[in-house]
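First residue of the sequence shown: 558, per the numbering used here; consecutive thereafter.
I should point out that these hints are in silico values taken from the structure, not numbers from a laboratory.
Treat the numbers as computed from the prediction; the structure is a model and nothing was measured.
For every residue, glycine included, the Cβ atom is placed at its ideal position computed from N, Cα and C.
Treat the hints with caution; some may be incorrect.
[To be verified] Ranges between beta-carbon positions, derived for each pair:
#1 S1095 / T1063: 12 to 22 Å
#2 G802 / K745: 46 to 56 Å
#3 T870 / P777: 21 to 31 Å
[Stated by the list, open to error] The list that follows gives simulated cross-link-like pairs (lysine to aspartate or glutamate, DMTMM-like), each with its CA atoms no further than 25 Å apart:
#4 K1186 / D1198
#5 K1140 / E1081
#6 K902 / D876
#7 K752 / E850
#8 K1186 / D876
#9 K833 / E779
#10 K905 / D876
#11 K1108 / E1092
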Amino acid sequence: MMPRWIFSLNNLISLDLSYNFVVGIPDGSWNLTSLVTLDASGNQFKSLPASLFRMSSLVHLKLEYAFEGPFPVVLNPNMTSLRYLDLSHNVLKCSVVPSWLYSFTHLEYLDMSDCELKGGISHAIGNLTSLVTLDLSHNELEGELPNTIGNLASVVTVDLSYNQLGGRLPSSTGNLCSLSFIDVSHNKIRGEVFKSSTKCSSYALEKLFLQENQLSGEIPEELGQFENVRELNLENNLVGGPIPGTIGRLKHLETLILAGNQLNGTLPESLGHLSKLGVLDMRDNFLEGMVSEVHFTNLVNLTILCAPGNRLTLKVSPDWIPPFQLQQLKLASWHLGPKFPAWLKSQKSLDTLDISNTGISDRIPSWLWNMTPTLGFLNVSHNQIYGDIGMLSGGGDFYLNSNHLNGPLPRISSTSFVHKLDLSNNSFSGGISDFLCVNNTQFSVVLRLGENLLSGEIPDCWMSWTTLSVLDLGNNNFTGSIPSSMGQLALASLHLRNNHLSGEITWSLQKCTSLVVLDLSENEFTGSIPTWMGESLSSLRILTLRSNKMKGVIPPELCRLASLQILDLAQNNISGAIPRCIKNFTAMAVKLNPSSPIQDTYSRRDFNPYGYMENELLMMKGNMYRYDKILALVAIMDLSDNNFTGRIPEELTSLVGLISLNMSRNHLSGVIPKKIGSMGLLGALDLSRNQLYGEIPPSVSNLTFLSYLDLSFNNLTGRIPSSTQLQGFNASSFVGNKLCGLPLTKNCSVDHGKTTLGTDNEGDDTGDGSGVDWFYVLMAIGFAAGFWGVCGPIFFIKSWRHAYFRFLDNVWTRLCIIRYGKCN
């Protein structure tokens, strides 16, 4: 509680009440007529008294983190002396900038950042002609910037970042000759990049932040007029065209970020003139052409060179020594090969090196491993690098995947703390006991050894890898069973696909309660699906046991996996009925969210998925595809090639998020569920080679995304429903049934409201044979009548029989005389 006597000090000039957590002061208390400076920051005022804004003597007013509530209604503000006003970091939900603030025409500093302000910026802001600093960042302001902002002739700093402002940058902004700092990043501003004006003979602009907007057009040639610019950021816009050569005039430029745009053409050689440039980020554009030593001539201060995702070719002499010492170098997708870049040996300060997918076809140099103790990130993946690796040392992330590296797995220095190690898709061979059981890398989070030639049993010594979240040993030649010590890992993703592993799935995996992905497919596992999978692995989103020797039934406990979006049990010996509780797979019952990658669901707080993209091989439309970036959108159920019996449960149709459903090659009977048309996202449906009967439900016509359908070899009858989708499929999708109508050649006819098969397609083995075809019945009767009408008397009447044989004998005699002239 503030003592009241303070407010009776009429001669008081400066008052600091900051961070006392005062709740409130009565409105009539503000009678300090001589007060010049007031700092009431860090309090808990429920509201601000209107009398505060009628103190004519105040020059400096700071209310940062001071109150919660709307602005007071001030009818007659009388703060003609006010120069400094800080209202930042207050909770002003549903508030707009009060109009009376625009009457403080002598105001030089205005900070209302992070106040949850809404609405637009008034044209009246042009009245604040004395403003030097304007900060309205981190609010929810919208609408266009008023052209009157060009009236702020004295303004030096403008920060409008992190709002929802749209429209174009007013042309009057170019008239702000004194402007040194402008940040309008993270808005929705469109149109062309900031341009200069003929009104200013020179510009004070030093920092220009335009990133995360919708700017388009080209970088203007006039950019070279801003000779004092030190930082320029255009990241993640729609800017196209070439980088203008006039950029070489920005002799004070220290940071240039042009990433995530649509820039094309070649790099201007004038970049080499920027001797103060320290950061150059041009990643993810469409730049192409040659880059030579000339482009780096004077870049002596360059420490960060980031330009992956372009089509540039670096062509320098073999003995080139760059003028810079880089800390970060990212040139992924450039053309650097075929030789390994020898100039990298000169870089003694590198902590990040990414030269992946750069066309290098060379033996991995031994000097590269001398750099690893200081490297925190190394990516040489997706090249054709060969040779073996003796030892890895240092710490951080190492991506050596998708090359031709061979020999045994490398040893890891005992002093190393590798976080992520990807050696997949190479030709490493031998066992992994020495690698796992001798190395002591207790800080590893990602270990990928898949798609190699590794063999032997998986050793039971995972106790030293307890921090491991992602483990991929798939597509090797491992034998034996899953070691029980794997259950001690805090795994989120486990890939063991396509090995020769056998036995039952170890019960110890039930301790891996953070598992999101479990892929044990294409092995020789036996036994039934463990009930603990549904009881303990509640976070599971992907479960694939395809192509094993599993038997038994689907346990009801499996239906507890509400997050499951991919279930693949194909090619096993699982039997019994499909449980009706599959409706509890609620992740399959909604359209999946594309903004939630699989790895983002990993529950380990210390696991950073950067640099790792979860992937999975899935059967879709009869082919195997690898999914990674869009894996979060995929919802699949594949129960094909088993021994399931009984009906397809009607509850299945509630899984409207499925894009692929395969129940083929089982012993399912009954009818196709009538509401199957409600599964509107289905792109592939395969129910072939079962014992289904009845008609195809008319609701199938509602499956407008369907591009793969197979209902062949069942006992389905009747007319194929009419829709653009169904009639567009090949007839092979329906063969082996008793169906009619397009795309089959057998026509349908309607008889008393029932569909029957027509008679104009003789020989169509896919037709309906259940009806009575009277044409063939009458033909058979006629044949029998004619046969017995002629032959019956010959068989049963003796005189007729003798006469018939005499007739045949006379005919034979005549034929012999005609042919041979006599008969023997």
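For the hint 12 to 22 Å, verify it against the beta carbon of S1095 and that of T1063. holds, 19 Å
When you take the CB atoms of G802 and K745, is the distance between them in 46 to 56 Å? violated, 31 Å
Is the straight-line distance between the alpha-carbon of K905 and that of D876 25 Å or less? Since the Cα atoms of K905 and D876 sit roughly 16 Å apart, the hinted pair holds (cutoff 25 Å).
Taking only the CA atoms, is the gap from K1108 to E1092 under or equal to 25 Å? Holds, at about 19 Å.
Are the Cα atoms of K1140 and E1081 separated by 25 Å or less? violated, 30 Å
Against the range 21 to 31 Å, how does the distance between the Cβ atoms of T870 and P777 compare: consistent or not? holds, 28 Å
Given hint E850 paired with K752 - CA-CA distance at most 25 Å: violated, 31 Å
Straight-line alpha-carbon gap K833 to E779, limit 25 Å: Answer holds: K833 to E779 is near 20 Å, not above 25 Å.
What's the verdict on K902 and D876, does the C-alpha distance respect the 25 Å limit or exceed it? Distance ~11 Å between K902 and D876 Cα, so the pair holds.
What's the verdict on K1186 and D876, does the C-alpha distance respect the 25 Å limit or exceed it? violated, 40 Å
With a cut-off of 25 Å on the C-alpha distance, tell me whether K1186 and D1198 pass. With a Cα-Cα distance of about 29 Å, the restraint between K1186 and D1198 is violated, given a limit of 25 Å.
Taken one by one, the earlier hints fail for this structure at numbers 2, 4, 5, 7 and 8, listed in ascending order.
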